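Participant: These are the residues of each chain, in order.
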Amino acid sequence: MTDTPPPVEIKSTKKSWMSGASFIWIIPLLALVVAFGVAWQSYAARGPVITVSFTDGSGITAGETKLKYRDIEVGTVEEVGFSSGLGLVEAHIRLEKDIAEYVDSSSVFWIVEPEVTAQGITGLSTVLSGIYIEGSWDTEIGTAATTFRGSDVPPLIRPGDTGLQIAFRTTATGTLTDNAPIFFRGIQVGQMGRAQIGRSGAFAVTEGIIYEEHRNLISSSTRFWDTSGFSFSFGPTGAEIDFSSLSTLIGGGVTFDTFVSGGEPARDGQVFEIFDGKESARNSLFTRSEVDPLQLSVIFDENVSGLTAGAPVELSGFRIGSVDSLSGIVDSNQFGDSRVRLNVIISVQPSRLGLPGEASAEAALTLLQDRVSNGLRARLASASLLTGGLKVELVEVENPPAARLEQTGTELAIMPTTESEVSDATATAEGVFTRINNLPIEELLNSAINVLNSAEVLISNGDLQRVPGDVSTLLSDLSSIVTSDDVKNIPVALNSTLTRVEGLVAELERQRIAEVLGTTLTAASEAADAVTSSVAGVPELVEDIQTVAAKAATLEFDVLIQELTSLTSSAEALVSSPETAQLPVALSGALDQLNATLRELREGGAVQNVNQTLASARTAADSIAVSARDLPDVITRLNALFAQAGRTIDGYNQGDELSRSAQAALRDIQQAAGALEKLARTIERNPNSLLLGR
Amino acid sequence: MELSGTSEKTVTARAAGLVACTRCTRAWPIETQVCGRCGAKLVSRDENSLQRVWALWIVGLMCYVPANVYPMLRTQQLFQVDESTIIGGAVDLAHYGAFGIATIILVASVVIPLGKFWAIAFLAVSVRSGRGFASHHRLLMYEVVEYIGRWSMIDIFVVAILSALVQLQGLASITPGPAAFFFALSVIFTMLSAQAFDPRMIWDAQADDDEAL
Chain A
20 MTDTPPPVEI KSTKKSWMSG ASFIWIIPLL ALVVAFGVAW QSYAARGPVI
70 TVSFTDGSGI TAGETKLKYR DIEVGTVEEV GFSSGLGLVE AHIRLEKDIA
120 EYVDSSSVFW IVEPEVTAQG ITGLSTVLSG IYIEGSWDTE IGTAATTFRG
170 SDVPPLIRPG DTGLQIAFRT TATGTLTDNA PIFFRGIQVG QMGRAQIGRS
220 GAFAVTEGII YEEHRNLISS STRFWDTSGF SFSFGPTGAE IDFSSLSTLI
270 GGGVTFDTFV SGGEPARDGQ VFEIFDGKES ARNSLFTRSE VDPLQLSVIF
320 DENVSGLTAG APVELSGFRI GSVDSLSGIV DSNQFGDSRV RLNVIISVQP
370 SRLGLPGEAS AEAALTLLQD RVSNGLRARL ASASLLTGGL KVELVEVENP
420 PAARLEQTGT ELAIMPTTES EVSDATATAE GVFTRINNLP IEELLNSAIN
470 VLNSAEVLIS NGDLQRVPGD VSTLLSDLSS IVTSDDVKNI PVALNSTLTR
520 VEGLVAELER QRIAEVLGTT LTAASEAADA VTSSVAGVPE LVEDIQTVAA
570 KAATLEFDVL IQELTSLTSS AEALVSSPET AQLPVALSGA LDQLNATLRE
620 LREGGAVQNV NQTLASARTA ADSIAVSARD LPDVITRLNA LFAQAGRTID
670 GYNQGDELSR SAQAALRDIQ QAAGALEKLA RTIERNPNSL LLGR
Chain B
8 MELSGTSEKT VTARAAGLVA CTRCTRAWPI ETQVCGRCGA KLVSRDENSL
58 QRVWALWIVG LMCYVPANVY PMLRTQQLFQ VDESTIIGGA VDLAHYGAFG
108 IATIILVASV VIPLGKFWAI AFLAVSVRSG RGFASHHRLL MYEVVEYIGR
158 WSMIDIFVVA ILSALVQLQG LASITPGPAA FFFALSVIFT MLSAQAFDPR
208 MIWDAQADDD EAL
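In order, the protein sequences belong to chains A and B.
Position in the first sequence counted from 1, then plus 19, gives you this note's numbering.
Position in the second sequence counted from 1, then plus 7, gives you this note's numbering.
Since the hints were derived computationally from the structure, they do not count as laboratory data.
From a predicted model like this one, the values you see are computed outputs, not experimental measurements.
There could be a bad hint or two in this list.
Stated by the list, open to error - Below, a list of computed lysine to any residue pairs in the SDA-like style, where the Cα atoms sit at most 25 Å apart:
id, chain 1, residue 1, chain 2, residue 2
1, A, K85, B, P185
2, A, K85, B, R30
3, A, K85, B, T92
4, B, K48, A, A81
5, A, K85, B, D211
6, A, K87, B, V88
7, A, K87, B, L57
8, A, K87, A, G161
9, A, K116, B, G177
10, A, K85, B, L85
11, A, K85, B, V165
12, A, K87, B, G177
13, A, K87, B, L85
14, B, K48, A, G161
15, A, K85, B, R207
16, A, K85, B, G177
17, A, K85, B, T82
18, A, K85, B, S180
The following block holds chain A by itself, in its conformation from the complex (with noise of 0.2 Å):
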C-alpha cells in the first residue's frame, strides 16, 4: 500500500492538468468570445437616437411602434416620455445606422393612422399593425440634427419632392377643402394641403403641389377653380346639373385650364387664385391681371345693413373691386368718441383702374391718393332692389371737407367716406318687401278690369246701338233743314221783294227818292250777296252730308264708343237749336216785313212816310245782311262738324278684320298695361324711389 510512488502521481498529475486545462476550457472562452462577439457587433450596429415631439401619442408604444421610411422599416420607438412641461410627447427613436446619416435637420416626421375623409381611406394597414411614424427626407446628407418636431398629417410636400410647389388663395367669397386633389382632364395631377385662413381673414390660403411630370401644364396665365360640390341651373335651354365626378361631389377638388397661351412657367412659390367656377376663372383671364388687389379700410359711421362680403366697389358705375370682409372697429383716438363704428376692407384691382404702365397696388395706392385729395369719397349706395343690398361707392364730392388717404406702416389705408345715398334710408330687406307690399298693384288691376267692365257696357249700351239711328236722325236733321220750306222761301221771297223793288224804285223815281232809294238798294243788294254765299255754301254742305251717309253706310252698325254718341249729340243739339232752326224764319220775318212794307208804301202811297219806310228797309236789310253773314259761319261750322264727323266715322272704318270692340278694350288695356310698363320703368330707373317713396 505503501508502495505507491507518491512523486509519479504528482508528476503524472501536473502534465495532464496543463493538458487538460488548454483543451475543455476552450469551450467556455469560445462562448464568452461569442458572447462578446455578438454583444458588440449589436452595439456598434446601433444607431443614434432622435427625439420626436408631437402633440399627442396617438398609439405610440416604446419597443413597438416603428419607424418608416418609404414604408420600409428604419428605426423603433424606445421610450416615450413627455417633453418638459407635458407640453409635447417626445418618442425617442432608435435608428438603424445606415440610415440616420440622412436623417438631418430637414426631415419630417408624421404619424399614420387609420384614417377616413372623403377623399377615402388611408392608413387602413395600421388597423391591425397599430400605428407607425413615418418619416420623410431627401437623400443628401445635410446639417445633423437629434430633435425634430413631429406632425399629426402628412406633409404635402416632401423634402426631395421635386414637384412644382406653388400656393392657392380663394376670392373672398370662395372656400377650401382640406387635401383636395388637382385634377385635370379628370386626372389627378397634384394635391392641396391643409387650408389656412389669410392673414386678414378675406381669404383662405393653402399650398399646393404639382407633381413633376406635370409641372409644365401650369403657366402664369393657367386659373384653377373649384369643382367640388355641383351647380344646378335653370334657364331657356332647360334644367341643367354639373358636376365634375363624384369624387369632387363628395370630396372637393379642383381644376385648371390655360385659356389662353403665352404664359410664363410657373415658378415654385406663385400664388394662384381658386375662382368659384369655370366661367368666372376665364373672365377672370380678361379682366383681371395678375397683381396684387390694393386693399383698403373705409369706415362708415352709418348703418351698412346690407353691406355683404364680395359686393361690388364701384368707380362711377364701374366695378373696380370688391369688399373683402367687414368687422366693427372702436377707435376713440382716432375718432374721437368710443361708438363702434364698421370697418369695411376693400380690394381695389389695380389693372382696372387703367393706369399708365405697370398696375400695381402702390400706382393705384397713389392715384387714389391724388383723386382723395380733389374731393374723391367712398359712399355706400342701393345696389340690389330686391336684397336691399349696399355698394361701395367711389364718388366725387363738391368741396369736401379735407381728406387724405395715407398708409401707415403695416396698417390697411383708409379711405374718408361721404354722406350715403341710402343714409337715410331704412334699407334692409323688410323695408323693401313692405314697400312692394304697398304697390297698389290690386288698384291696378281693379281698375283695368273696370275699364274692361265698362268697355263690356258701352259695347252692350243700347245708346251706343242707338247710334246710327241718331245719325239717321241727325242727316234726316239736316235734310230737313235744308228742304224746309223757310229755306225753300227764302229765294221766292226775295224773288218777290225784289218785285215789290222794282215797282217801289218806279214808284220812287217819280217820287223823285232815288237817292235814298240808293242806299236801300246797295243795302238789299249786300243783303242778296250773302245770301247767294251763304247758298253757295249749301253744296259743300250736302256734299259733306253725302260723305259723311256714304261712310255711315259701310259703317259698322254693332259698336261704336262715346265719342261718336257725344259727336252726334252735340251735332243734335246744335241743329236742333233753336237759334239754328228759327234762322231762316228770320230771314223769311226778315223779307215778309220788307214786302209788307213795300206793300204798304205802295199801296199807301205816303211820300212823307217814305223816308221813314227807307230807312226802315235799310234797317231791315241791314238786319238782314247781319242775319245772312251769320249764316256762313254756321255752314262753316256744319261743315266742321261734318268734316270731323266723317274723320271720326273714318277712323273707325279703319279698323281691319278686329273687332273694334275688342280693339278698344285692347287699347285700354293697352293704356292699362302702358301706366303699369311705364310705372316699372320708372322703378327700373329709379330703384330709389320704391326706397325712398319717392
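We have chain A already, so just place chain B on it with the hints.
Facilitator: Below, chain B without anything else, positioned relative to chain A:
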C-alpha cells in the same frame, strides 16, 4: 457522517492498487490502461474532471442568462404579438390566477436549474475542501442531479409541442423565442457538467476525512 459500528476505514480501489472499469465495473490492476473485458479506457482518477465540470458549468450558466432575458415564447394572436420571458410568463399566469401552472413553470425553469448549478458547484467545491457534508449525502445529491438532468428539458418539450400544435395561420401561432435555444444549451451544458464530475472523488474526500480523523 459517522459510520458507527464500523471501525474499518473506507478503502478505495485506488488505495488497494486497483482500477475499476467505469463501463463494465471489472477491477484491474492500477497500471492497466485498457479494460481487457470491454475495451474501455481505464483511469483510476480523472484528473481533469473538476476542470471539465467547472468549464461546462460556466458555459451552462452563461447560457442561462439569455435564456431568462430573452423571450421564451412568441405568441401571435389575431392582432397582437406577445413575447414573454420565462419569469414574465409565470408572473402573467399568476396574475390570471393560474398559480399552479405558474408554480410548475417556476420550479421547472428556475428553481431546478438554479438548484443544479448550486449542487454541481457544491459538489465540485466540497470534493476539494471536503468539509461539512457526509459522503453519502453528496453521492445522493450527485445522483439526483444526474437523474433530474434528463428531465430538465421539459420546458423545451412544452415549447416544442406548443409550437407544433398552435399554428392556426393568421389567427394564432406560437413560435419559440431565442430563450428556448439558450435554455436548451444551458440544460445540455449542465448535464455535461454533471456527467464530467467523477463521483469517485467523493470517496477520496471521504478517505481524506478519515485520515484527518
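Participant: Given the hinted pair A:K87 and B:L85, is their alpha-carbon gap at most 25 Å?
Facilitator: 23 Å, holds
Participant: Assess, step by step, whether the Cα of A:K85 is no farther than 25 Å from the Cα of B:T82, and give holds or violated.
Facilitator: 20 Å, holds
Participant: Does B:D211 sit within 25 Å of A:K85, going by the straight-line distance between their CA atoms?
Facilitator: 61 Å, violated
Participant: When you check the alpha-carbon spacing of A:K85 and B:P185, does it fall within 25 Å?
Facilitator: 21 Å, holds
Participant: Within 25 Å, alpha carbon to alpha carbon, are A:K87 and A:G161?
Facilitator: 20 Å, holds
Participant: Given the hinted pair A:K87 and B:V88, is their Cα-Cα distance within 25 Å?
Facilitator: OK: A:K87 and B:V88 at ~19 Å, within 25 Å.
Participant: For B:K48 and A:G161, compute the direct alpha-carbon distance and say whether it is at most 25 Å.
Facilitator: Judged against 25 Å, a Cα distance of about 71 Å means the pair is violated.
Participant: Do the alpha carbons of A:K85 and B:G177 lie within 25 Å of each other, as the hint requires?
Facilitator: It holds: about 21 Å lies between the C-alpha atoms, which stays within 25 Å.
Participant: Within 25 Å, alpha carbon to alpha carbon, are A:K85 and B:L85?
Facilitator: 19 Å, holds
Participant: Holds or violated: are the alpha carbons of B:K48 and A:A81 at most 25 Å from each other?
Facilitator: 59 Å, violated
Participant: Hinted pair, alpha-carbon criterion (25 Å max): A:K116, B:G177. Please report holds or violated.
Facilitator: 32 Å, violated
Participant: With the threshold set at 25 Å, check whether the alpha-carbon distance from A:K85 to B:T92 stays at or below it.
Facilitator: Judged against 25 Å, a Cα distance of about 22 Å means the pair holds.
Consistency with the previously given hints fails for numbers 2, 4, 5, 7, 9, 11, 14 and 15, ordered from lowest to highest.
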